[in-house]
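Chain B: place on chain A using the hints.
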Amino acid sequence: MSYKIAVIGDPETVIGFSLAGVSHTHVYRDKNKALGQLEEFLNNREIGLILITHRVVESLGPEFHQVVGKKGLIPLVLKIPDKTGYSPEKDELSDLVRRSVGIEIPVKTEGE
Amino acid sequence: MAAAFTSSPNRMELMKVRKRLALAEKGHDLLKDKMDALVMELFNTLKTIQKSRATAIEQLRKGYEAVSACMAVMGTFETMQAAEETKKEIQIEISERNIMGIEVPTVEIEETERNALTRGYSLHTTSSHLDTAAREMERAVKLLVELAELEVTALTLARELERTKRRVNALEYILIPRLQGAMNFIMMRLDEMERENFTRLKRIKAILEGRE
Numbered sequence: 002m003s004y005k006i007a008v009i010g011d012p013e014t015v016i017g018f019s020l021a022g023v024s025h026t027h028v029y030r031d032k033n034k035a036l037g038q039l040e041e042f043l044n045n046r047e048i049g050l051i052l053i054t055h056r057v058v059e060s061l062g063p064e065f066h067q068v069v070g071k072k073g074l075i076p077l078v079l080k081i082p083d084k085t086g087y088s089p090e091k092d093e094l095s096d097l098v099r100r101s102v103g104i105e106i107p108v109k110t111e112g113e
Numbered sequence: 023m024a025a026a027f028t029s030s031p032n033r034m035e036l037m038k039v040r041k042r043l044a045l046a047e048k049g050h051d052l053l054k055d056k057m058d059a060l061v062m063e064l065f066n067t068l069k070t071i072q073k074s075r076a077t078a079i080e081q082l083r084k085g086y087e088a089v090s091a092c093m094a095v096m097g098t099f100e101t102m103q104a105a106e107e108t109k110k111e112i113q114i115e116i117s118e119r120n121i122m123g124i125e126v127p128t129v130e131i132e133e134t135e136r137n138a139l140t141r142g143y144s145l146h147t148t149s150s151h152l153d154t155a156a157r158e159m160e161r162a163v164k165l166l167v168e169l170a171e172l173e174v175t176a177l178t179l180a181r182e183l184e185r186t187k188r189r190v191n192a193l194e195y196i197l198i199p200r201l202q203g204a205m206n207f208i209m210m211r212l213d214e215m216e217r218e219n220f221t222r223l224k225r226i227k228a229i230l231e232g233r234e
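Chains as they are written, first to last, in the numbering used here: chain A, 2 to 113; chain B, 23 to 234.
Next comes chain A alone, as it looks inside the complex:
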């Protein structure tokens, strides 16, 4: 099956990805709109990958996980840094790995 990509983020991120040819974009303005849009992207069967900036994820708070938790395998959701290179200290994946395997495995290698 072939799918499209969607992006949610600040204006600059969205412009960048539109230039690259990403079809579905949403500029983050306020929480409720972004949540609605996220849900729409998740339910859209055309979309296979949603890119969302870490900052937006953080401002959406626990509702983000609630909304994303309901989806199946597709669409995939990937959190990306925005133009400031911001990504949170606590990484979801390495956290989960530490909990399930019991040892720390470094996943983050970038120096920020």
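Hints in this document: simulated from the structure, not taken from any laboratory. We put the CB at the ideal spot given by N, CA and C, even for glycine. Do not take every clue at face value.
Claimed, not checked - Here are a few chain A residues that sit away from chain B, every Cβ distance over 12 Å (derived from the structure):
(1) K5
(2) K32
(3) K34
(4) E40
(5) E41
(6) N44
(7) L52
(8) S60
(9) G62
(10) P63
(11) E64
(12) F65
(13) Q67
(14) K71
(15) E93
To be verified - Derived coverage of chain B by chain A (criterion: at least 3 residues anywhere in the stretch with Cβ under 8 Å from a Cβ of chain A; other residues may be distant):
(16) 89–103
(17) 111–123
(18) 149–160
(19) 181–188
Same frame as chain A, but now just chain B:
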């Protein structure tokens, strides 16, 4: 605790508990094997993620830089306009792959880099910075799509691993000890009953002999 499993200590009950224990032990072994396999798979994925993450994020940073430079040179509004006019044609192929009964995605993407002429914005009103920005972002998208596959795979595996671990522990530390306790309880009880019976018979025999 043992009483929870046994209504009455008899041989039927003992057989039942033995059967349950054998089943639980078999399940425990199987789940443990699954856990080991999952850990291996997860580690392999994590190894590739480290590299993939670093390159993707580096490329994305380059992309953002180029976009910022372009906005500075051409103006924010013009850049937005050009982004609006760009042809949106990125397609990705997603199929599902099975790792030990767990569905993980496989994502494929065609070459995302395009020629300035095929991007769709007008060339004579835009600066070459726009071309650079678009090119860098196209490269970033390709890398990010590849990263997404790995990240989602690792997350799915890690979640499954957590669940499996919980099951293994539940069997190992709760169910199996309880069943063993129940088995011991029944066996002790049965032995005790046999001894009681034995002494009773002896006693009766002594009384009968005393009468004669």
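Hint by hint, which ones does this structure get wrong, listed from lowest number up?
As far as the earlier hints go, 1, 7 and 15 are violated by this structure, in ascending order.
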